[in-house]
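**Student:** With the hints as constraints, model all of the structure from the sequences given.
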Amino acid sequence: MAEIPADRLQTLAEFGPNLHYNHGMTIDPSLQIDKEVDTHCCFCGQQCGIKLKVADNQVVGFEPRYDFPFNKGLLCPKGVKRYLQGGHPDRLTTALQKNTAAPGGFSQINYDQAIQEVAEKIKHIQNQYGPESVGVLSGASLTTEKAYLMGKFARLGLQTPYIDYNGRLCMVSAAAANKKAFGIDRAANPWDDIIGTDVVWISGANIAECAPITTNYVWQAREHGAKIIVVDPRITPIARTADLYLPIKPGRDIALFNGVLNMMIQWGWIDEGFIKGYTVGFDELAESVSEWTLEKTARVTGIAEKKIAQAAEIWGTAKTSFLLHARGIEHHTHGVQNCLGAINIVLASGRIGRENCGYATITGQANGQGGREHGQKCDQLPGARDISNPEHRAHVAKVWGVEPDEIPGPGVDCYEMMRKIHSGEIKALLTLCFNPKVSLPDNSYVGAALDKLDFMCSIDFFLSETAQHADIVLPGSLQEEDEGIITQIEGRVIKINKAVDPPGEAKQDWKIIQDLARLLGRDKGFTFENPGEILDELRDASKGGVADYAGVTYEKIDKQGGVFWPCYDEDHPGTPRLFEKGSWNPVANGAGPFYFPDGKARFVVAPYSAPAEDIDDEYDIILTSGRVVSQFLSGTQTRRIGPLVDQYPEPCIEMHPRLAEKLNIKDNDWATVQTRRGSVTLRAQVVQTIRPDTIFVPYHWAGKRSINQCTVQAQDPISKIPEFKVCACRVVKSLEPNYIKEEQSLLQGAVR
Amino acid sequence: MIADDQEFFIDPNRCIGCQACVQACSECDTHKGQAMIHLEYVDRSSSPQTAPVICMHCDTPTCAEVCPADAIKKTPDGVVQSARKERCVSCDNCGLACPFGVPKVKVEIELMMKCDMCYDRTAFGKKPMCASVCPSQALFFGTREEINELRPRSQAVNEFQFGQQIINTKVNMMIPKEDDDSLIMVGVADPMSVDDMMMDGLFED
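Top to bottom, those sequences are chains X and F.
120 is the number that the working numbering gives to position 120 of the first sequence; each next residue is one higher, with no gaps.
162 is the number that the working numbering gives to position 162 of the second sequence; each next residue is one higher, with no gaps.
Keep in mind that a hint or two might mislead.
[Stated by the list, open to error] Using C-beta positions, here's what the derived DEER-type ranges look like:
hint, chain 1, residue 1, chain 2, residue 2, range
1, X, T527, F, I109, 54 to 60 Å
2, X, S609, F, N148, 46 to 52 Å
3, F, P176, X, I33, 42 to 48 Å
4, X, E223, F, D120, 43 to 49 Å
[Unchecked claim] Think about it this way: if two alpha-carbon atoms lie no more than 30 Å apart in a straight line, the pair counts; the simulated DSS-like pairs of lysine-lysine are:
hint, chain 1, residue 1, chain 2, residue 2
5, F, K126, X, K556
6, X, K319, F, K177
7, X, K72, X, K559
8, X, K51, X, K452
9, F, K127, X, K51
10, X, K559, F, K170
11, X, K524, X, K180
12, X, K72, F, K170
13, F, K127, X, K35
Simulated from the structure, these hints should not be mistaken for laboratory data.
Glycine residues also receive a C-beta, built at the ideal position from the N, C-alpha and C atoms.
**Tutor:** Written as structure tokens, this is what we have:
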């Protein structure tokens with residue numbers, strides 16, 4: 001049974017998070033550097049270029065990489081301090097086996113013995129319960145080669161349909177909306193198109209903290225006269241100096257977009273020529289938004305009428321524009337609808353597919369884009385192909401050298417997999433690059449699911465909170481210990497270069513997966529010698545699909561500073577801007593610029609509905625969650641980097657002074673957030689920069705500090721993205737919680 | 001020597017408070033682990049506004065003028081250095097006198113340390129760490145031609161008046177051009193409020 005083997009504090013003491021400060025050049029600036037490796041940051045979807053300094057097979061420092069075109073040397077604090085993962089005391093350098101008698105609950109074992117044990121357990125469980133009793137959870141911080149291999153391994157190596165990935169928590173609703181409207185899921189423009197545009201509309205995107213380098217693009221647009229519109233429940237740093245700030249009530253974005261579109265139609269601020277020539281479905285959409293008067297829009301969104309009207313006018317009358325959105329509108333039970341609403345006001349304006357006219361969702365994870373294109377998503381095969389489509393299956397089966405019916409059908413999303421673990425359908429789990437114990441909503445349910453597993457194996461570089469449930473932990477690789485491609489925020493494919501070898505018995509993840517395939521007796525198709533060979537197969541597998549990487553090579557990436565997909569063959573330079581008039585794509589085949597047989601974009605009616613759990617008398621405050629600039633996702637890496645922890649040591653509850661006064665809570669007081677799932681006690685941060693009906697808590701922390709103890713399981717019916725951005729809570733003043741004192745006694749006061 | 005055409009420009013209007021500059025400053029070889037840049041919230045309770053402060057490198061540095069031990073030196077290319085270890089008496093006169101509040105005495109090592117514009121980088125043709133990484137480019141290092149092209153709505157100033165004292169600095173501050181009427185000036189005392197933008201009466205008790 002995959003229960004945590006030791007007391008939480010013991011595991012903390014043994015495996016961290018320990019805070020790493022002094023390392024490499026921090027200790028000795030005169031350290032002899034063996035090499036500087038041109039590569040990219042390991043964290044967010046912007047994939048900033050960075051040089052890593054290497055001494056004695058350890059990353060010991062960094063240097064800005066001024067020549068990479070996207071960021072030209074710029075880095076956020078996470079990029080600056082990422083090198084402190086090098087030589088980290090928590091780094092797993094051997095395999096671990098659960099052992100309740102061992103300190104922290106795990107003892108080291110030989111890698112070969114460990115992987116043999118994993119293979120035996122999987123075989124045993126599959127023999128007893130069938131191949132579908134094993135599930136795989138993987139992640140979008142993996143290189144595309146690894147993500148591709150994970151999809152292939154689940155389907156052929158394990159013969160299970162049950163694989164899904166942490167991109168499910170990221171932007172799948174935007175992806176689904178993009179496919180519905182454009183027939184393709186990718187940022188439509190390179191970021192250079194932001195500079196020179198008339199209006200930048202930013203909905204639900206805390207750019208300054210979650211995509212900091214994009215800030216310079218937005219400010220540069222403003223230098224050249226752009227108006228900036230920011231829609232967010234909080235005055236974020238990017239909202240502070242916006243020309244127009246709309247403090248939307250969480251979960252009401254579609255109402256705003258529909259109201260703006262209605263006003264655009266009424267005032268004639270639409271591009272009729274574009275609508276007629278390049279789209280279908282406008283009349284039905286126009287009819288559907290006619291009910292969204294300013295008065296109704298204001299009532300639902302909580303934004304003043306005149307501000308909505310101003311936004312509609314600024315947007316409606318612009319000659320060029322760029323709309324950006326992120327998780328703020330995507331993390332909803334109507335996330336797809338929200339994104340369709342955003343796309344509808346872009347398409348109605350006709351401002352897409354040309355210079356300074358653009359639209360994009362801001363990718364969250366490193367490979368949020370590439371990681372959702374090549375088959376680790378439960379319903380998908382490489383090249384953004386559909387696992388239920390017979391032609392798509394036939395193409396991939398041919399590349400894989402199997403019969404189409406050897407490829408299992410669609411699986412289920414990662415949260416549904418948790419439910420299947422609870423119901424006993426899934427008995428064993430393999431995880432890589434996913435920390436659902438922290439990152440999934442209502443995570444007590446997730447922990448209870450993991451406890452029920454007959455067998456669990458995690459591949460990890462640090463012992464994440466999820467890996468603590470594993471029977472066997474295999475030591476995987478950090479980003480700088482492997483090479484491969486990643487598709488960043490703009491749709492630009494970039495190359496991660498290997499700086500160091502994995503330490504000790506740690507191995508590149510793709511090697512571990514292939515070792516496992518071999519021991520399962522399924523090594524056919526899992527004998528790649530290096531990531532380049534995986535890429536070659538991926539190129540074939542994606543060829544002819546919408547996400548066509550056929551012409552993407554390491555050499556071309558190096559020569560061009562990246563390659564924007566689709567890239568059809570070795571002579572093709574790639575496609576920086578989608579939907580240009582007269583452009584060709586394999587779906588439309590010359591009929592038009594969008595990825596449908598008629599070449600036209602789709603207006604899709606996006607009706608408003610309230611969040612799954614709205615506030616009521618009992619739970620009367622909206623809880624929303626998100627990120628801070630110095631931490632990343634579930635914090636497995638960033639909670640171990642001392643200077644980043646110091647910058648924002650522990651999560652706070654952001655609340656407006658008016659709400660705080662009503663609750664008798666003062667700044668820095670302890671307060672407890674309670675929902676129908678659970679509660680969390682943290683310090684209050686009383687600020688005027690948030691709606692008075694809403695509280696905000698960042699989600700990077702584990703255990704008693706995790707706000708995902710409180711968030712709701714509710715998911716979008718189309719994309720299955722969870723509703724992290726709205727649920728109902730109540731807040732009460734509290735005393736210092738016990739966990740603080742416990743940790744202080746054992747861990748010298750460091751916050752983990 | 002720092003190349004004549006390479007200058008430092010600060011534009012607090014752009015600052016997003018991310019602390020990339022602080023984290024990068026602490027990576028400088030001459031003061032490893034210690035950040036010399038100051039980044040502070042102006043008033044976090046009312047606004048996320050932050051202000052980055054580096055040494056302005058005055059032509060006539062007040063810190064050096066008031067130093068009783070003559071410990072603070074300026075390079076020929078105008079960079080005011082941290083106090084010299086062998087001379088500094090850690091009296092904090094510099095810290096008290098600096099009109100920009102830059103020098104800080106590190107009590108544990110009895111030494112005043114401050115921003116030296118990454119002299120170990122800039123003297124060798126590299127950009128300072130903070131301006132290299134600053135994601136909002138509130139901190140910019142480059143030529144006047146570059147800044148003029150990148151910031152058509154702003155002008156660089158390097159003359160500041162404090163009471164009777166007029167100070168000229170090597171570092172420039174970007175301010176809006178006087179003829180730019182498209183800007184709405186919002187003072188610190190009058191921060192943006194969610195109330196202004198919300199529907200009237202929604203949150204009245």
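**Student:** Each hint should be assessed against the structure and marked as holding or not.
**Tutor:** So, going through the hints one by one against the coordinates:
no.	hint	result
1	X:T527 to F:I109: 54 to 60 Å	58 Å, holds
2	X:S609 to F:N148: 46 to 52 Å	51 Å, holds
3	F:P176 to X:I33: 42 to 48 Å	43 Å, holds
4	X:E223 to F:D120: 43 to 49 Å	31 Å, violated
5	F:K126 to X:K556	29 Å, holds
6	X:K319 to F:K177	25 Å, holds
7	X:K72 to X:K559	16 Å, holds
8	X:K51 to X:K452	44 Å, violated
9	F:K127 to X:K51	15 Å, holds
10	X:K559 to F:K170	39 Å, violated
11	X:K524 to X:K180	36 Å, violated
12	X:K72 to F:K170	25 Å, holds
13	F:K127 to X:K35	21 Å, holds
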